[in-house]
Amino acid sequence: MQKSKFLPRGRKDRTMVLVDIRETKSAKAADIFLQVRPGKDFELITILRALIKDRQVSDQAIAETGLTREVIDDLIRRMKGAKFGCVFFGMGLSMTRGKHMNSAALLTLAAEMNAFTKFVAMPMRGHGNVTGADVIMRWQTGYPFGISFSRGYPRYNPGEFSTVDVLVRGDCDAAFIIGADPGATMPQPAIDHLKRIPTIVLDPHVTHTSKLSRVHITTAPQGIAAPGTAYRMDELPMPLKPALKSPYPSDEEVVRRINEAIAKKPFWLPDGSQPQMLNAQV
Amino acid sequence: MELQVINNATCTFCGCVCDDIQLHHDDVRIHKANKACVLGTAWFLNHTAEKKYPDALIDGREATLDEAIEAAANFLYEADMPLVYGMSNTTCEAQKECVALADQLGGLLDSHTSL
Amino acid sequence: MLRITGGKVYDPANGIDGVVKDLCIDDQGLFVPAVEGGRTIDATGMIVFPGGVDVHTHVAGGAINFARAMTPEDHRRTQAFIRTKSRRSGLGGMAPTTFATGYLYAGMGWTTVNEAAVPVLSARHTHEELADIPIVDKASLTLMANNEILLDQLEKGEFERAKQVLAWYLWSAKSYGIKAVNPGGVAAWKYGHDAKQLTSPIDGYSKLTPGVIVTHLARICDELGLPHPVHLHCNNLGAPGNISTTIDTLKHLEGHRAHIAHSQYHAYGGDGWDTMCSETAQLAEYFNAHPSITTDAGAVLFGDTVTITADGPWQHLLYKLTGRKWGNLDVENETGCGIVPYTYRPSNLVNAVQWAAGLELLLLIKNPWQVFLSTDHPNGGCFWRYPEIIELLMRADVRKESLLKLPDGIKGKITLPEIDREYSLYEVAISMSAGPARALGLFQKGNLGLGCDGDVVIYEEDENVRKMFGHPRYVIKGGEIVLEDGEIREAPSGREFIVKPPCDPGIDDFMRPLFEDCYTMSFENYPVEMERIHNPRMQDCIEVPR
Amino acid sequence: MPITFHLKRQPSVPLESEVFSPDVMAELTNTEIRALTIYHGKRQLPISDFFDVEGERSEDLVMHGAMHKVRWIGRAMSRGSITVHGTVGMHLGAYMKGGRIEVHGNASDWIGAEMKNGFIHVHGNAGGQIGAAYRGSMQGMKNGTIIIDGSAGLEVGMRMRRGTIIVGGPAKDFTGLQMKGGTIVLMSGAEIRTGAWMNRGTIISLKPLQLMPTFVRSVDASPMFVNVLAKNLKSLGINLPHKASEGTYRQFAGDLSVSDKGEILVWQPVA
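Protein chains in written order, with our numbering: chain A, 1 to 282; chain B, 1 to 115; chain C, 1 to 546; chain D, 1 to 271.
Hints are computed from structural coordinates only; laboratory data are not their basis.
Hints are not guaranteed to be accurate.
Below, a list of computed lysine-lysine pairs in the DSS-like style, where the Cα atoms sit at most 30 Å apart [claimed, not checked]:
| # | chain 1 | residue 1 | chain 2 | residue 2 |
| --- | --- | --- | --- | --- |
| 1 | A | K25 | B | K52 |
| 2 | D | K234 | D | K116 |
| 3 | A | K53 | B | K32 |
| 4 | D | K142 | C | K320 |
| 5 | A | K40 | A | K80 |
| 6 | C | K325 | A | K83 |
| 7 | A | K195 | A | K241 |
| 8 | C | K405 | D | K116 |
In isolation and in its complexed conformation, chain A is listed as follows (with noise of 0.2 Å):
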């Protein structure tokens, strides 16, 4: 691990808890573990920040979270010893039960933390390049996900615009699906409904998507036989450096070459017939 001026012994100046509903493999890496109770992280992490602030919560309350007043005054005092804290967090609470409001404890109660010490948080993001995704949705359209464009310009709404809830209710008529195979990973009703419609899919493998979709083109894997760039989940870009020659196009190429057949095409908004710019959104 990683040295530095203020921590020259490395992983032995620092200190790792763990806190998962169940003792993983990862447990053994960490020097605390602390198991909450399934359900219960968006209350544990709120008690930790009346707790920092020296207000009052009742043993019943953090019992009801599955630790003990001693163990959690333990990890505050850790917290505020700390020089440097970090929060790294995953799928497990932020797609459980409260989704983003449980991130959005995590990411509080690192903010509040500062008042006492230097503290950060850090999603820890799943698939390859999601992180690519979120930073280049973010300088085109000046939103991370969730985005429509049905007005011309960009807008945003998770819930409204966002993946399983536009396929749960069917708002589109047709899905364009790259790097991902909801048809494995999604509810059954968004699947079906990808059923109905004409899906695209672009993959290196004929996956479940591409079984119930209208159009299949097969692509280089990225980083093994595409090059180009992918965001580490800190927003920094790593070059990629393919190995292999793949005898299919990279997705770049092949969406560049759909925008263009697109691009053929009469544009769906007629020239002239919108401003420049609005001062108004809807």
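With the hints as your guide, set chains B, C and D onto chain A.
Chains B, C and D only, in chain A's frame:
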């Protein structure tokens, strides 16, 4: 045949995106991925340069790339509310094309993040 | 090819002050004595300026992109650019999207921008974003004043080595120059501290002080011959009484070239928020006596914005003061960044002092070649509000009217009410174009002379200064008409300016072990590959006289 | 005579139709109303493509049909009325400034989101984020009244500043999330995390609640303002118990992770 070596290759299996992997490969497959974790090794070794799948499928039937691109463009162009989704297992360069696609179509754009 | 005839031309780089003359631009986009064929713009009765140059702005990279994610509520209430067949959609506001950034800058006649704060680790990302900002040409500055490897060399007194390390970083980032933010303070912020005294050692070092960092960075920039001198964000930004730190910093720079960023934020007296006042007269006096140093105003405009700076400790303070959202980024061993949305209110005495101080600096520094228009976008206000500042500079009566909105308590805290100076069009042209271009060492910009880049903005003369500068009649970039009658016509991609400082090839071997000790990415993958830069334009290093 | 709309064909994708507002239609002729633009996905079409339109020049609109895909009805309206017989889609009465909306049927998410004033009554069930702030905004509804007879979804009254929300049926998680003021009345209780991170404001529940650990119990009593509220609600046909003979309100303060100025009142009927 002697294997070729790539130093400091980047693994895109998970969000850590390690960039210190040493790959030993021939024309068809990667045989060794030094410094990669279990997941990363599986990622590198499971992909090959073989032609395992057809170039494209339209309604389950084999098609050429050109036909498939044309069909995809037509479906998306005709839709009133097309959705562009995914973008996890792909490059930034492809992601930019995807944002451009949704922008050009006047459609919806979303990634795995919304799950 | 393009001919612009009959316009009243303001070209301060060539001493031309409102002379009616024709301009010609050839197929390469450069000014030439004459052209055959092509379009002619009849600019009779109109005002012709060189395209605007922003010496200090934040439009691309990890920090502004974090700010975009933090402010969806602002995106919803702001300007929306609608997609056309050829032009991408975008949103304006406090942290505009890349495409909108290009449209908005070009929309008011700016054709070159300098992204002023790029960590080397984020350089690859920043270049990707810069490539997506259409129309304008771009340059970027690399954050260096809190880089651990560099600071270690300075601590050891290894100046030559430090110079090589810096040159290596600069070329790795493919950037245009050096930015120093709160020297030593951002490094200390990694552990929740700051660096406030110029002569006290910074956290984790025994000898190294902010003052030493400042002097050495300035000297390195001069010795490497970078076209733009060290671009310095002083310690103690925003704090009451920080004028002493600022003057002290300037003294550490004597004998060197330097550009002081957003000096409005560094010109305060008093010893607390209650007693905070403007000390711009003192700072202006220093500039008036030292013509080799330039600055930009970092002016504040009342209204909503989002503040973004590598000055992490200041941003945490601002978060505590406002109780609003706060984002913090730490960039490994190099730097950090804080993001806090903020509203400047005339009723708030501190904000009122800040508003006045920015204008005071622009008016009290006598030589317009030394002080440039900026809001430190988006910190003091959004760049697309520059026409409001131009109006305040050109019209003393508008200033007087605005002063009425300030609270009574402002009396004695500012000098703005006593200043009658009004900018002439010539001075505006210096402040928004010719001056910043010269300070950046971009000799082909802000200059309508032969061989320079054909970037021109043409205004319809109007009593309403704000309207005139906010709505040019034509904007021409590299000889191409990009805006006409208020409509963006073309959105070509701009270029990026890069310097390659002289660098000892052995430095790689020196850097590698140090790098591998503390960085989390591979040494080989760290430098940005040249082929990733969209339309690069190499700018030569220069000989800086001692 | 109100202007009457009948949905004549089901949209296949969401139909964004913020023009359904008295502010837009009050002065228009029947022909002009038919020609107003609505957005079927990205396609810009006249109202008459989807609706039969009767009447003109009125501040009162009446709509009929299964309009669960029709969004933004009554957006930012400031006067008049909209009466819906059937279902409506998202954003009903969002940014509303005044007037009345009544729905005889179910409605979806974001009802009265960021509304400034006005009255919305949904006789059926509703979705989530009622009277809430849109993502990133600091303030939800600033005033006005929203009544849902049936159930409600997540984040009811999220970041609301003033005004009243009454939910007849059960509400889901995070009711009153980050509330800054105003009143939420839960006639049938709510699932978990009610009042999480609330700063100020009042949540009244007639059914027991599973509270966050960061609320503390204070007193059992019926505060004066409940009497006033009960009187106001009575005029809307809602019966809020408040007499000492019927029971008391158990009061909790919180959310302590943020403040102790928010209050949750849980009705304790006399056994």
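Hint consistency between K142(D) and K320(C) [alpha-carbon to alpha-carbon, up to 30 Å]: Holds: K142(D) and K320(C) sit about 25 Å apart, inside 30 Å.
Hey, K53(A) versus K32(B), does the alpha-carbon distance stay inside 30 Å? At roughly 52 Å apart (the allowed maximum being 30 Å), K32(B) and K53(A) break the hint.
Does K80(A) sit within 30 Å of K40(A), going by the straight-line distance between their CA atoms? holds, 23 Å
Pair hint outcome, K405(C) versus K116(D) [Cα-Cα no greater than 30 Å]: holds, 28 Å
Pairwise hint evaluation, K52(B) against K25(A), where the allowed Cα distance is 30 Å at most: Violated, because 36 Å separates the two Cα atoms, which is more than 30 Å.
For a C-alpha distance cap of 30 Å, please report whether K325(C) and K83(A) respect it. Roughly 23 Å separates the two Cα atoms, so the pair holds.
Does the structure keep K195(A) and K241(A) at a Cα separation of 30 Å or less? violated, 36 Å
Pair hint K234(D) and K116(D), alpha-carbon separation not exceeding 30 Å: Satisfied, since the Cα-Cα distance of roughly 23 Å is no more than 30 Å.
Hints 1, 3 and 7 from the earlier list are contradicted by this structure; the remaining hints agree with it.
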